[in-house]
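Colleague: Heads up: the sequence lines are chains A and B, in that order. Positions -9 to 915 (my numbering) are the ones given, in order, by the first sequence. Positions 9 to 519 (my numbering) are the ones given, in order, by the second sequence.
Please note: incorrect hints may appear among the correct ones.
Claimed, not checked - Not everything, but these chain A residues come out facing chain B in the computed CB check (under 7 Å): (1) 208; (2) 537; (3) 557.
As the list claims (entries may be wrong) - One side of the interface only, derived from the structure: several residues of chain B facing chain A at Cβ under 10 Å: (4) 32; (5) 56; (6) 59; (7) 91; (8) 121; (9) 194; (10) 220; (11) 282; (12) 348; (13) 351; (14) 352; (15) 381; (16) 480; (17) 508.
What the hints assert, rightly or not - Straight-line Cα separation of at most 16 Å, EDC-like style, residue types lysine to aspartate or glutamate; simulated pairs: (18) 696(A) - 734(A); (19) 141(B) - 212(B); (20) 38(B) - 449(A); (21) 31(B) - 483(A); (22) 32(B) - 483(A); (23) 31(B) - 232(A).
Think of the hints as simulated: they come from the structure by calculation, not from any bench. Ideal Cβ positions, reconstructed from N, Cα and C, are used throughout, including at glycine.
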Amino acid sequence: MKESVNSLDNVVVVGYGTQKSSAVTGAVTNVALDAAESRSVQSPVEILQGKAAGVIVTQEGGDPTAGPRINIRGLGGINGEKPLYVLDGSIFNGVPPINPNDIESITVLKDAAASIYGARASGGVIVINTKKGKSDQATINLDVKYGSQAVWKKLEALNAKEYADVMNQAADNGGKPRLDAFNAAIYPDGQITCSNWVDEVFRTGKVQDYNVNVNGRGNKSNYYLSFGYRKADGILLNTFSERYNFMVNSEHQLRPWLKLGEKLNFSNTSGIGANTSSEYTGAIITAIFYPPSISPYTEDGRFSGLPATYAGAYGDVINPVAYLKRLDNNSPVNNLFVNPYIQANIFRGMSFRSSLAINKRFSSSKSFEQRVLEIGKISDYNQLSMASSNSTNLLAEQTLTYDTRWGRHHLDALTGYTYQHDESEGFAVYAQGFDDERPEYRYFTNATMFYKPSGSTVETAIISYLGRVNYGYDDKYMITVIGRRDGSSLVSEQNRFRNYGSVSGGWALNRETFMNHINWLDQLKLRASYGILGNLGSLQAGSVVVPLAATEAYLGLTPTLMPGYAERALSNPNITWAQSKQLNMGIDMAVLQSRITLTADYFIKTTSDMILSQQPASTTGVPDATWINGGKARDKGFELSVGYYSKREKKFRYSLNAVLTKLNNELISLNEGVTAISTNQYNIRGAVAPLLIQTGNPLYSYYVVKTDGLFRSQAEVDAYTNKEGDKIQPNAKPGDLKFIDNNEDGKIDNNDRVVMGSAYPGFSYGLSMNASYKNFDLNIFMQGVQNNKLFNGTKFMGLQASLSGQNYNMLKDILGAWSPENINSNIPRVTQSDQNNNFRTTSDWFIEDGSYMRVKNITLGYTMPDKLIARTGFSLLRVYVTANNLFTFTRYSGFDPEVGMDNYGIDNGRYPQSRSVFAGLNINF
Amino acid sequence: MKMIFFPEICLTILALLPAGCAKKLDITQKGSPTSQNFWKTSSDAIRGANAMYDQFDEGEFYGRGFFWYINASDDMVTGRASANGDNVKNMTSAVPNVSLLTDQWRFRYIVIKRALDVLKYVPGIEMDETLKKRFLGEAHFFIGLMYYELSNNYGNEKAGVPIITLDKEASLEPVPRAANVSENYAIAERELKEAADLLPYFDEYAPADYGRPHKTAAWAYLSKMYLYTKNYAQSEVYADMVIKSGRHQLLDKFTDVFTIDNNWSKEYIWSAYSTVTPVNWGSYLPGVMLENKGWGLYNGFGYYTPTKELYDAYEPGDKRREATILKPGDEFMYFGSSTIYHSINSLSGYQFRKYMDPYKYSNPIGTYISTNGNYPVTALNPPLLRYAEVILIKAEARLMQGQNADTELNMIRKRGWESADDNGYPKLTNATMNDLKHERRVELAGEFADRHRDLVRWGDARTVYAQPLHGYSNTIIWPARTFNPEVHNVWPVPQSEIDRSGGIIKQNEGW
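Start from the sequences, fold in the hints, and give me the full structure.
Modeller: Here is the structure:
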C-alpha cells in the first residue's frame, strides 16, 4: 500500500518549478491517487473526481466515448472555463491522452498561484507528471484487469397491452377517437408483448485493461517505458472505447552540471458512442417509445419496422436495436507528444532550463450511415463521411531559476520566455449512393453521389514573459510575487498583450516562539493570495474577423450547385479574452505527527470581460452571434480537506480522507442593457425550455412555473380563481396540474416562471478510505453531490400520452397516473389533448433533486507474502478485485443522476453510468 | 562553474530557435474569405449573389413555414396530431411561441441582408455589365418579395415590419417595426419595379439560369401586392402587363400544371425551386402533404389534408376537384404501381393530390423524391405564384373596380373543365365577387396563393371559421373557431423576435 500524501516535506509542483509544501502560499492541492492504478478508467482525469477539494468532475453521461467535464472552483462565467493542463512541465492543449497508470502525481493550482500560466490559468491548472525510472534494478511491472460492466438501473416501459389501454384511455379522456392500432378486436397482435426494448438495447460489456512498464535507474540515467491497452465495451449495444498508450521517459546526467531528458508518448484512442441526448432519436428514449408488440428482428433475421397498416398510430420511431447495431462511426485520434529538454546549472543556485514540446495530433473520423428501410422513420439513403484533422503544437520554453539562502532568508526566483505556435488543418468529405452496404464496400470508391467537401485551417501563436519571486524568512513568513505577460495572435494588434500576476503570502504560526510549547501541533499556516488571471481558451479563432461562410443553392433546368459566400456573423475587431480576479484565504493544519491534517480555503473569483455571444437582431440579417466582451460573474466557495492517518506501526493501518466543496455562482451583469440571454436552444422537442441565464441568478438556473400538485376534483378547479372570480385554469379538469399564478395576472403562462436551482452541484464531496491489514489492502471511495436539480426529460417524454402528436409508448409509471379511482396520484391524468398544458408548460413538475452518493470504487487486494513468491522469481504479486459504482444512493427517478452539464441537467434518457466489477493481477519481476 | 561546450550550446540554440519577437503574432487567418477581402472581383459578385438563394432550402421557408398560416383556412386541417399545428389553426395565444414559426421571419431578413450587400458592393465591381444588371435586378426582386411576404402576414395599419436599409452600417442592434405596413409595401413596390426594369424575361434565360427572378415575376408580385393593398387599378395594370407580355399561357390540362416536366412551363411564374439531384434541396411541401408514413414506403408527414368543405366546393364536372384532392377509392400511381387511395392516418380522410407527381414513378427515391425521409423534398417545384393566379388577380381587380371579369374567370373555368371550346363548361356571365371567390378557392387550393389571407382580406374569415370542418365520412374533424378580425387579421410576430430585440420589436395588438 502506498503511503498517503501527508508529509509536510513533500515537494509540490507549482509550475515551472517545485516548492516544499510547507512553503506554498497558494491553494495548491496534491491529489491523492490512492488506488488509481487498480481502477480502470478511460481518461486520466476521471480519477480526479471527488479527490481534490474545489475540483468538480462531472461525468457527461456514461457513453464510453464521452470524457468528463472538469471545473476548478466553479463554472467560471458564461464561457465555462476549462482548466489548463501541464504535462511534465509543458502546456498541453486539452486533456493529455495519457495512460492513467503512467501518472506519478497530479497537482492542482486553484488560485492566484496559477497566474504563472497567465492568460490561460483562470480556470486553474492541472499539472500532471508522469513516472520516472525508480528501481535500481530494471523492473517489469505487469498489471492485468478484466471485468464487466452493466446498467445498474433501468426504467421500464409499458407492455403492449398496457400501452394500448393507456392510449385508449388517453383518447377517451382527450375526446379523440380511439385508434385501430390499439383496438384489440381490430389489431390483436398489437396487444402481444414481443420485446422489452429497454432490455434489448442494454448488454453486459466486457472490459479489459493491460499495463506493463519497465523502469530502472543507473548512475547517470533513469528510464521508464510503458505500454497500456484498454478496451471497454459499453453497456449499450455496439458501443465501446479503446485506447493504447506507449511512453518512453528518460533522463541523463551528461555532465555534472548538465541534464538532458525526454518524454515521449504516443496514444491512440477510439470508440463508438451512441446518441442518447436527442429527445427525438436518442437510443434509450427510443427504446421506451418503441411499441413492445414488435420484435427487434423479423423472422428472416432483418430488423423489424412498424406494421404498415398501423405505422401512423405509433409515431416516428426507429428500431433502437437497429440504430445501435448499425452504428459505424469510429473517430480514432493518434497523439504523439515529444518533449526533449536540457537543464544546466550555470553557477551555484542558478540553473537554466530549455524545453521544446511538440505535440502532434492526428484525428480522423469515418462513419457510415446505412439505409433505414424499416417502417417508422424511413431514411432511404446511405452515406460515408470521412474527416481528418491534424494539428501541430509547438512550445518552446526557456527559464532561468535562481535559488539562494542567506541567514534565515530564502529567495527563489524564476524568469522565462516562452513561445507557442499551434496550427491545425482539417477537411471533411461525404458521399452517398452505395449500392452495397456491407462493411467491405464502405469506401468512397463505391459511392455514386458526391458532395462539396469542406476544409479549414487555424493558426495561432502565443508569446509570454514570466517571472516569479518566492521569499521566505525563517520558514515562518513567506511571500510570492508572480508576473506574466501574454500576447496572442487571436486578437487585433492593439489588444495583443495583457499582463497577469499575483501576490500571495503565508504565515507559519506554529514556528512562532509563542507557539513552541504546543508540541502536538505540526503545522498551522495561514495563507492569502490575490491575482489576476486570463481565460484565453474562451476566445475562438475568427472572432476578430469572421470568415465568410460557404452557401449552397441550386438553380437551372439541370440542377447545378451555385456556391456562394455570405456573412453569417458580424466581426468584432475589439474582442479580447476574459479575465478573473481571484482572492483566496486558507489555512493548513497538521497535528499529532501529521496524523490529522486539515486544509481549508475560502475563495472569491470574479470573472469579467466574458466572451458573450450577442445574438444579432433578425434585422441584422446574419444568423450567428457576434462575440463581444462584457459582464461579470462570480464564483464563491469554501473547500475543506481533512485527513486522518492511523499509527504506522500498527498491523491494521488505515487512513480516511474527506474533501468537500461548497460552491455558488452568480451572474452579476451582462453586456449593457441586457439582463438575460436566451437559452431556448436547450429545450425538449420545442415544447419546454427550462433554462435561464439572467443577472442576479446562478448560471443556467431552471426557470419554471411552480405547481401545486394535481386538482383532485372539479371543485378544486372551480375554486382556483383570480381576483375577478374567473377560473385561472379554465381548461383544467380533475387530474390536471395546478400551476401557481406567480404574477397574479389571472392566467398561467411563461410570465409565471420562477428561478429554481440548477444542475450544477452546490455541494460536492468525496470520501476515501485506505486500509491495510497484513497483506490485505482495501480502498473505498465514495463521491457525491448535493444541492443540485435535474430536469427529468424522461418524465416529459414518458409520462404523457401522445407526446407532440406521436403516440409513443410510455413509462410504466404512467399506470399510476391520476384517475377518479386514484385521486392522490402526482402524475397528471392521461389525455391525448392536454387542454391544461400539463406538459407544454415548463413547470417544476419535471424538476427533481439531483443529489446522489456513489460508492465509486472499492478495491480489495492481497499481496502474496514475500516468502511465498520468493520461489516464483517475482518481486511482487498482488491480486485484487475492484468495483466501480457498486452502490448509488439517489432520489432521482431517471436512469442515472450523473447526466452531465453539457445539456445543463436536461436528461433525455442519457447514457447511464455503469456498474462494473474487475479482477486484477499485479506482478513485478 | 564549468565551461559550456559546443554541443550544449547547439542544443540551447535549437530550443531557442522558434522564439522571436512580437511579429510572430501577426498571423493572417487562411481558409475562407473574410468580409474584409471579399467583394472585389466579378467572381466575388457571383458568389455573393448566389448567397441570396441558400435560405430557400430551409424547411420552414417554402416547405411548411407560412403554410401553417394557410392551414388555418377552411380548405384543410392538420391531418395528424400536432399540438403546435393545432395552436396555429385555432389561433390561440400560444402561436407566438410555436417553434415551427419562429424562423421564417428571420430567414427573410437574411435574404434581405444578402440582397442589400449585392446592391451595396456589386455596382463598384468591374464586371460584365449584363450580369451586373441582372444581379442587381435579382437583389431588388428578393428585397421586394421578402417585404411583401412579411408584410401581408405580420403587418397592418397598426404596425409594419422592420425596415433595413443600405445606408446604415450593419449593426447588432434591433430595428423597430415600421409604423404602418404601408411603408413596407412602398418598399416592396419600389424594389419590385426596379427589379422588373433590370431583369430579363424568363424566356431570355439560358436553361442554366432557370429559377432566377425574371421580369414578369416581378410584375406578377406587384399585381398581387396591389390587390392586397386594394390599389385595384394598379393591380390590373401589372396583371395585364404579365398577360400582355405574351410570354405566358395556361396549360391545356389542369393536372399538367403540377408535374416535374412542367416545372418551367408557360404557366410558371414563380415557384419554390426544388430538386433531389445532386442533393436534396428546396421545398418539402409535397412530402409534408403526403400520407403520414407514405403507406409504408416513404416518410410522408401527413400534415395539411383537405376538408370535405373544399371537396364539396367544386362544381360537378370541374376536373380540378380530382386533380386537387384524393378521396378514398381514387386510383393513382404510387411508386410505379396503380394504387387505390385509402388513408390510414389522415384526419380528414382525404389528401391533396396536386403534389403527387413525383411519387408516381417506380423507384422514385434519389431521382424524383428525396433520399432523406426527414427532409422529403421532391423534384417538383411547388408554385408560389402561377399564371392562372395572375388572371384571377386581374379578374378580382376588375370586379373591385366595378368592371366585368367574365373573360378572365371563364379562361380559368374553361381550363378547369378541360374544355376545348366555350361549350364544355358552365360559362359565367356578369360574374360577381362570389364567383371570383369560388374560382380562386378551387383553382388555387392547397397552394401558397393563401386561402386564409383571401378570407381575411375579403372579410369572410369570421363567418367561415365559425363553422366546423368535416372529413370524408362527414364527421366533424375540426370544431368551429373564433376569428376576431381586430386581432387575427395578422399573425403574431414570433416571440423569439420580441425577446431577441429586448422588446424593441412589439407584438401585434391583441396577440
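Colleague: All the hints need checking, so say for each whether the structure fits it.
Modeller: Evaluation of the provided hints:
Taking 7 Å as the C-beta cut-off, the interface hint given for residue 208(A) is violated, the closest approach to chain B being about 21 Å. Here the hint on residue 537(A) is kept, as its CB sits about 4 Å from the closest CB of chain B, short of 7 Å. The beta carbon of residue 557(A) comes within 5 Å of a beta carbon in chain B, closer than 7 Å, and the hint placing it at the interface holds. Taking 10 Å as the C-beta contact cut-off toward chain A, the hint placing residue 32(B) at the interface holds, the least distance being around 5 Å.
Hint status for residue 56(B): holds, given a least beta-carbon distance of 6 Å to chain A, under 10 Å. Annotation: interface hint on residue 59(B) holds; nearest CB of chain A at approximately 4 Å, less than 10 Å. Nearest Cβ of chain A to the Cβ of residue 91(B): about 6 Å, under the 10 Å cut. The hint holds. Among the interface hints, the one on residue 121(B) holds; its C-beta lies about 2 Å from the nearest C-beta in chain A, closer than the 10 Å criterion.
A cut of 10 Å between beta carbons decides the hint on residue 194(B): the least distance to chain A is about 18 Å, and the hint is violated. About 6 Å separates the beta-carbon of residue 220(B) from the nearest beta-carbon of chain A, less than 10 Å, and the hint is met. Hint status for residue 282(B) relative to chain A: holds, with the closest Cβ pair at about 9 Å, below 10 Å. With a cut of 10 Å, the hint placing residue 348(B) at the interface with chain A is violated, because the nearest CB-to-CB distance is about 15 Å.
The interface hint given for residue 351(B) holds, since its Cβ lies 9 Å from the closest Cβ of chain A, which is under the 10 Å cut-off. For residue 352(B), the interface hint holds, the least distance from its beta-carbon to any beta-carbon of chain A being 5 Å, beneath 10 Å. Checking residue 381(B) against chain A by beta carbon gives a least distance of about 5 Å; that is within 10 Å, so the hint holds. Using the Cβ-Cβ criterion of 10 Å, the hint placing residue 480(B) at the interface with chain A is not satisfied: the shortest such distance is roughly 14 Å.
Interface hint status for residue 508(B): upheld, as the beta-carbon distance to the closest one in chain A is roughly 6 Å, under 10 Å. Restraint check: the Cα-Cα separation between residue 696(A) and residue 734(A) comes to about 13 Å, which is no more than 16 Å; the hinted pair holds. Distance check on the hinted pair: residue 141(B) and residue 212(B) sit about 14 Å apart at the alpha-carbon level, within 16 Å; holds. Between residue 38(B) and residue 449(A) the CA atoms are separated by roughly 8 Å; this keeps the pair inside 16 Å, and the hint holds.
At most 16 Å may separate the alpha-carbon atoms for a hinted pair to count; residue 31(B) and residue 483(A) meet this at roughly 10 Å. Restraint check for residue 32(B) and residue 483(A): the C-alpha separation of about 12 Å stays at or below 16 Å, so the hint holds. Under the criterion of a C-alpha separation no larger than 16 Å, the hint pairing residue 31(B) with residue 232(A) is inconsistent with the structure, at around 42 Å.
Of the hints listed earlier, those the structure fails to meet are numbers 1, 9, 12, 16 and 23, in rising order.
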